[in-house]
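Peer 1: To get my numbering, take the position in the sequence shown, counting from 1, and add 88.
Calculated from the structure, these hints are not laboratory results.
Among the clues, some could well be false.
Restricting the straight-line Cα-Cα distance to at most 27 Å, the calculated cross-link-like pairs of lysine-lysine (DSSO-like) are [said to hold, decoys possible]:
#	residue 1	residue 2
1	122	260
2	260	249
3	249	122
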Amino acid sequence: MKQHFHILPILLLSVAFTACRKEIDLDLQNEGNKVVIEAIVSEGPGPHTVRLTRSVGFGAANTFPAITDAIVTMSDDLGNSEQLTETAPGMYVTAALVGGQQRTYELNVVVDGTNHTARCSMPMAVPLDALLVDSFPAFGGYSRMVIPVYFDPAGVANYYKFNVVVNGERQKSLDLVSDRFTDGNLVMQPLFVNGLELESGDVVEVTMECIAPEVYHYFFSMPQNSNNASTPADPVSNISSGALGYFSVRTSSTRTVVVP
89 MKQHFHILPI
99 LLLSVAFTAC
109 RKEIDLDLQN
119 EGNKVVIEAI
129 VSEGPGPHTV
139 RLTRSVGFGA
149 ANTFPAITDA
159 IVTMSDDLGN
169 SEQLTETAPG
179 MYVTAALVGG
189 QQRTYELNVV
199 VDGTNHTARC
209 SMPMAVPLDA
219 LLVDSFPAFG
229 GYSRMVIPVY
239 FDPAGVANYY
249 KFNVVVNGER
259 QKSLDLVSDR
269 FTDGNLVMQP
279 LFVNGLELES
289 GDVVEVTMEC
299 IAPEVYHYFF
309 SMPQNSNNAS
319 TPADPVSNIS
329 SGALGYFSVR
339 TSSTRTVVVP
């Protein structure tokens with residue numbers, strides 16, 4: 089089996105273990121005003137994007153101030169480099185940089201005189217071959233689940249992130265997969281979309297991203313902070329100098345299915 093991570097089971101476990109928690113004094117107010125970087129390079133000509141915001145303190149409204157007038161540059165291991173253009177407050181885009189498989193990319197962001205850097209390599213693409221729908225027994229009835237079908241390449245550590253859109257609405261579930269136990273195999277593992285019951289006629293779109301291991305570990309570590317038995321901590325980031333967020337260089341493959 090592959091390693092899967094789903095938010096709902098972890099949240100349930102956090103409730104189950106509340107009796108084991110201890111009181112910890114945390115200065116959560118000071119967690120605000122950190123630089124947050126969300127940078128993505130996809131296969132192809134782009135434009136590739138970098139979104140810059142600032143974190144807010146614990147208890148503050150979920151309105152994250154955009155960081156404007158930053159200096160953002162991207163380069164690849166072929167010697168190509170460019171400074172990104174700010175097209176909206178906090179949103180920076182490339183004009184010429186091309187994303188290529190097995191190429192390595194570097195990001196440099198200068199905010200308030202501090203350099204935040206990151207490096208990431210694009211994995212080989214794995215195509216999503218098919219998207220199936222099947223029914224499984226659940227709570228005395230049956231529940232429909234979507235099943236992506238793909239062949240995992242043998243002899244290479246692969247990491248996947250699945251994004252699900254149902255009837256045009258992006259789902260918030262986080263589904264991550266590594267090939268630790270299914271290297272080189274045909275994979276047919278259902279996706280679990282929390283709180284959603286699929287109905288006949290629903291249009292489901294699934295995008296399978298092939299991501300770098302450091303990006304996998306970033307997303308894997310995010311929901312772990314909901315466990316009340318441990319001290320809250322920032323997710324493991326591949327960006328330097330204390331910034332939050334991630335730099336993901338990825339390929340993707342999308343399939344759509346109508347629920348019968």
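Peer 1: It remains to establish, for every hint, whether it holds in the given structure.
Peer 2: Verification of the hints:
no. : hint        : result
1   : 122 <-> 260 : holds, 24 Å
2   : 260 <-> 249 : holds, 12 Å
3   : 249 <-> 122 : holds, 26 Å
Hint compliance for this structure: no hint is broken.
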